[in-house]
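One letter stands for each residue in the lines below.
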Amino acid sequence: MLAGVVLLTWSDNNQVYQARPVASPHRLFEDKCEKCHDTSFHLLKRTVGSDSAAFQHSCKVCHSHDAPDHHPAAIATGMVDDCTACHKEHQGDADLTRVTDQHCIRCHGDLASAGTSGARHFSSSVTTLADHPEIALLRKTEVPVSAHGLHRVAEWLDGQWQDRGKLIFNHEVHLDPEGILVPTDHPDYDAGKKKQLKCASCHQADEEGAYMKPVTYQQHCQQCHQLHFSRQLVTNDGSLTGMVPLPHESPELIRGVLRDRLMDYIEENPGRLVPSDDLPRDPAKQVKPATAEDKWDWVEQRLLAMEDQLFSPGSVAGRGDLMYGCQRCHQTKKQVDTGGKVAWKIVKPEVPVRWLSHARFRHDRHDTKITLNGEKPFSCTECHNVNVTRAAERSSGPVEGVLASVRAGDILMPSIQVCRQCHGGRLTADSGAASDRCTECHRYHPAEHGEAPQEAALLDYIHESIARKKSDQ
Amino acid sequence: MNLRLLSIFVALVVLAGFSASEGQDPVGQQEVAQPPLPWEIAAVQGFRNLGARSCSSTTCHGSVRADSTNDNRMRRDEYLVWLEEDPHQRAHAALSGEQTESIFRNLGISPDDQRYRQVMQKCIACHGMPVELASTDSSGQHMVYEGVSCETCHGPAEKWLKTHYRTDFVGLTVAEKASQGLFNTNDAHQRARLCVACHVGDKEREVNHDWIAAGHPALKFELTAYLSMMPGHWKETRDRENAHNPAEHELELWLAGQQVAADASLAQLARRASAAAAGQDGAIWPEFADVDCYSCHHDLGAPLSWRQKRGFGVVQQRTEVQRITLPASEWYLFMPSRLAANSEDAAAVEFERTWQELRGKMAAEVIPDDREIAELAAATRQRLDNWLSGRASTADRKEMVDMIGHSDNSELVSNWDRAVQAYLALQVLSGDRGKEKALRQIRAMLAFPVSAGRQFDSPRKFRGVIEDIPKLILEFQEQLEGKQEN
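Chains as they are written, first to last, in this note's numbering: chain A, 47 to 519; chain B, 2 to 487.
To be clear, the hints were calculated from the coordinates, so they are not data collected in a lab. Treat the hints with care, as some may be off.
Covered, in the sense of this in silico footprint (three residues per stretch, anywhere, with C-beta under 8 Å from a C-beta of chain B), are these stretches of chain A [claimed, not checked]:
no.: 1; stretch: 222–229
no.: 2; stretch: 263–276
Calculated lysine-lysine pairs in the PhoX-like style (CA-CA distance at most 25 Å, straight line) [what the hints assert, rightly or not]:
no.: 3; chain 1: B; residue 1: Lys-163; chain 2: A; residue 2: Lys-240
no.: 4; chain 1: A; residue 1: Lys-379; chain 2: A; residue 2: Lys-394
no.: 5; chain 1: B; residue 1: Lys-399; chain 2: B; residue 2: Lys-362
no.: 6; chain 1: B; residue 1: Lys-472; chain 2: A; residue 2: Lys-241
no.: 7; chain 1: A; residue 1: Lys-516; chain 2: A; residue 2: Lys-81
no.: 8; chain 1: A; residue 1: Lys-334; chain 2: B; residue 2: Lys-399
no.: 9; chain 1: A; residue 1: Lys-241; chain 2: B; residue 2: Lys-163
no.: 10; chain 1: B; residue 1: Lys-221; chain 2: B; residue 2: Lys-123
no.: 11; chain 1: B; residue 1: Lys-362; chain 2: B; residue 2: Lys-204
no.: 12; chain 1: A; residue 1: Lys-78; chain 2: A; residue 2: Lys-106
no.: 13; chain 1: A; residue 1: Lys-244; chain 2: B; residue 2: Lys-123
no.: 14; chain 1: A; residue 1: Lys-212; chain 2: A; residue 2: Lys-334
no.: 15; chain 1: A; residue 1: Lys-240; chain 2: A; residue 2: Lys-212
no.: 16; chain 1: B; residue 1: Lys-163; chain 2: A; residue 2: Lys-239
no.: 17; chain 1: A; residue 1: Lys-212; chain 2: A; residue 2: Lys-134
no.: 18; chain 1: A; residue 1: Lys-379; chain 2: A; residue 2: Lys-341
no.: 19; chain 1: B; residue 1: Lys-123; chain 2: A; residue 2: Lys-240
no.: 20; chain 1: A; residue 1: Lys-380; chain 2: A; residue 2: Lys-212
no.: 21; chain 1: A; residue 1: Lys-387; chain 2: A; residue 2: Lys-341
no.: 22; chain 1: A; residue 1: Lys-259; chain 2: A; residue 2: Lys-241
no.: 23; chain 1: B; residue 1: Lys-221; chain 2: B; residue 2: Lys-362
no.: 24; chain 1: A; residue 1: Lys-241; chain 2: B; residue 2: Lys-160
no.: 25; chain 1: A; residue 1: Lys-106; chain 2: A; residue 2: Lys-81
no.: 26; chain 1: A; residue 1: Lys-334; chain 2: A; residue 2: Lys-391
no.: 27; chain 1: A; residue 1: Lys-331; chain 2: B; residue 2: Lys-221
no.: 28; chain 1: B; residue 1: Lys-472; chain 2: A; residue 2: Lys-331
no.: 29; chain 1: A; residue 1: Lys-239; chain 2: B; residue 2: Lys-160
no.: 30; chain 1: A; residue 1: Lys-240; chain 2: B; residue 2: Lys-160
no.: 31; chain 1: A; residue 1: Lys-380; chain 2: A; residue 2: Lys-391
no.: 32; chain 1: B; residue 1: Lys-221; chain 2: B; residue 2: Lys-204
no.: 33; chain 1: B; residue 1: Lys-438; chain 2: A; residue 2: Lys-334
no.: 34; chain 1: B; residue 1: Lys-163; chain 2: B; residue 2: Lys-221
no.: 35; chain 1: A; residue 1: Lys-239; chain 2: B; residue 2: Lys-236
no.: 36; chain 1: A; residue 1: Lys-379; chain 2: A; residue 2: Lys-391
no.: 37; chain 1: A; residue 1: Lys-394; chain 2: A; residue 2: Lys-380
no.: 38; chain 1: A; residue 1: Lys-259; chain 2: A; residue 2: Lys-244
no.: 39; chain 1: A; residue 1: Lys-331; chain 2: B; residue 2: Lys-163
Cβ coordinates follow ideal geometry from the N, Cα and C atoms, glycine included.
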């Protein structure tokens, strides 16, 4: 046997030293032990188990940028001295970020005595999913709390977390179980019958199936909500120039498009410059003389009025809460420069692409083929069912969750209680239980630093390897 | 009890409540129970207005294009018609306009005056519909006002917004829908009540001569004329027996408008007279808004104006000097009176007799006896109702032609109010021939002129012009008859 080991060592096959292969991201240099381990391999020490034999500086060749901010609270305690304290290599093709719960619980099980500084926002003791606090976005607290600065998708308004997105949207109307009306020029228009929308009509998974792709105007809204803008521009054949939709573009571009269309219109319909000879029936009603002096003047007057209608919130014009045009979905801002010129801005929608950036999730692993308690398959609203309850006037009775949400500010993320229905302890003797390991959801690399290793270091390595191979040949 | 029975019960309770409260009207007359008007539903039932934006979804009522299919009951562009073209939309914005500023200045009320808010509340009774909005901060609700908006006429939507397009709701009866707050604007009489509440006035709403003098337009309402000037946002083919015959429908609307407006103006007169008789604070008697405008406002130049030549009062005597009295405005009563005079119906005769008695009393003294006028106005009102509620709800074409008269039309045009009412009735009769040359000529004679520098709020000339109208009316009627015979 000894001869065998000697033979393997001599033959430059390193497998003999490895408990299991390295994780796949590191497979590139699996046979280059010195990339991680220093030259004094401490074979003997390793054998007796007193030296981890991997060194912080080796990891940092590629991962150095992470080091200063990498879970600083844990590093500050001194209980974590280097990367390998949590990330164990040679475990086969395992996810290196899947640290064991013990690593987390060492501190999170009792933060008070773990000596971490700073506010403890959630709970000073989390040992299992069962005592994990509610997801921050859904927690009702007296005062706004920062959720590690990571929940940028929400803002603290009106005593609760609300979606930061500046769009105006009503889930209840769109998801009416009886269906909703579609315009007569909609491809699905069918003799006034209603069309039933489902969650998946707008929320579609990415190619991987993990997350939902962003909802876009072009794909999801346009067919019903075309950007028609006015009934005012009636052409000679009775059609409406306002029926040609505007592009879904910035107010600056819209101004140009409107000006073009108005100019074309008045060129073709110069009669609109003089007052109509269609007099009101009541002789006491006067017909106001036209105010525009020429075509340009007419175009500019109409342009301002149309912009006002498209962008100006009703309350500004003293008209109550009327809305039309862009303000139907967007918040708008008026800017007046020193010369009195008006420019409109659309407030950036900031619709979150990804919720709960502190955790990870795969929709495809929770899809509708999986049954809950062996009874019924998952539906979207099975999980997205919290935070809103309204006694809506449905013939089927009150609705809740997404179906009752009337404003975009509602946070429609599932409660952690929903997760606990499957993850963690067994529900019944014969039911399974999904994993409740910390790493099932959490990774501690701060998202803003990215998780990819430094490209430069990796490229250096690859170039070096290629050069070596060439010289070997 | 099932839901349907319950809703009927609720509707009946509400109706009972209203007829009881109407009974306390100073006119002292028991009112016929009428369905509550939209704002009364909002006040009594506590149903909330949700605001026009709740109607404005693209696929519901907020489309730019009218639905040209016959698949749907609605047009889909209702909101946009209203938003862009309907003057009702701007009713509240008008209160922050130049004309309102000028009215308040003329009334001597500055914005810091404590009366300003009180008076503004009176304006808002017609000009603004309150909508409670959830605020974005922690202050809870805040109130905004829309102009005369969707729910001002259709009723507060809190209970029916989410259901009114559903199959089960569409199948409900008018009373069942009403119990949830949806007002029946399809009924000509109810529609007229709705318009008249603001355009003529009621207990809560009044434009008196002080306001007119300060710059508020005088209220001279005629339902069919006003409907023709309002951009319609409904399909005429809906829910109406005579819907496929627009001319018949117009005749129905005309009679309903005349009846309801005459009733409201008599109620107004009775209220003003009763308030004066009871010595109420701030009661004005006689109130000039009840009087024919052009009995005072007229040409004073030489030669004498038609008004001066005609003399004053009801009995027209061409004597040089007359006592000045204040003839009652005939705007709202001339057509019903003319119709009654042509009728053999005993109730019509009774109404006409009482109305003429009221006119006589109004014109007999500079300051007519308020108690007597209150009683007579109430009696006239009662008799108008006795007569019109007992007859067909649609005016008969021949009856209207006879009423306008074939030969001696000088009575028709002895004042501007009469001439305009006759002209508007001709418009109703003309149907789609409203652009006839003769009608356009009549309109031009009666019109308030416009010139670049000045907007007139009265006919500029009285002399000579009105006298030419009978000839034109005759001409037009002959054309109409010729057309019918062919």
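Now the hints, each set against the structure:
no.	hint	verdict
1	222–229	holds (count 5)
2	263–276	holds (count 6)
3	Lys-163(B) to Lys-240(A)	holds (15 Å)
4	Lys-379(A) to Lys-394(A)	holds (10 Å)
5	Lys-399(B) to Lys-362(B)	violated (33 Å)
6	Lys-472(B) to Lys-241(A)	violated (61 Å)
7	Lys-516(A) to Lys-81(A)	holds (20 Å)
8	Lys-334(A) to Lys-399(B)	violated (37 Å)
9	Lys-241(A) to Lys-163(B)	holds (16 Å)
10	Lys-221(B) to Lys-123(B)	holds (19 Å)
11	Lys-362(B) to Lys-204(B)	holds (24 Å)
12	Lys-78(A) to Lys-106(A)	holds (16 Å)
13	Lys-244(A) to Lys-123(B)	violated (48 Å)
14	Lys-212(A) to Lys-334(A)	violated (41 Å)
15	Lys-240(A) to Lys-212(A)	violated (29 Å)
16	Lys-163(B) to Lys-239(A)	holds (17 Å)
17	Lys-212(A) to Lys-134(A)	violated (44 Å)
18	Lys-379(A) to Lys-341(A)	violated (29 Å)
19	Lys-123(B) to Lys-240(A)	violated (44 Å)
20	Lys-380(A) to Lys-212(A)	holds (16 Å)
21	Lys-387(A) to Lys-341(A)	holds (20 Å)
22	Lys-259(A) to Lys-241(A)	holds (23 Å)
23	Lys-221(B) to Lys-362(B)	holds (23 Å)
24	Lys-241(A) to Lys-160(B)	holds (24 Å)
25	Lys-106(A) to Lys-81(A)	holds (11 Å)
26	Lys-334(A) to Lys-391(A)	violated (33 Å)
27	Lys-331(A) to Lys-221(B)	holds (11 Å)
28	Lys-472(B) to Lys-331(A)	holds (24 Å)
29	Lys-239(A) to Lys-160(B)	holds (24 Å)
30	Lys-240(A) to Lys-160(B)	holds (22 Å)
31	Lys-380(A) to Lys-391(A)	holds (6 Å)
32	Lys-221(B) to Lys-204(B)	holds (18 Å)
33	Lys-438(B) to Lys-334(A)	holds (22 Å)
34	Lys-163(B) to Lys-221(B)	violated (38 Å)
35	Lys-239(A) to Lys-236(B)	holds (19 Å)
36	Lys-379(A) to Lys-391(A)	holds (5 Å)
37	Lys-394(A) to Lys-380(A)	holds (14 Å)
38	Lys-259(A) to Lys-244(A)	holds (16 Å)
39	Lys-331(A) to Lys-163(B)	violated (39 Å)
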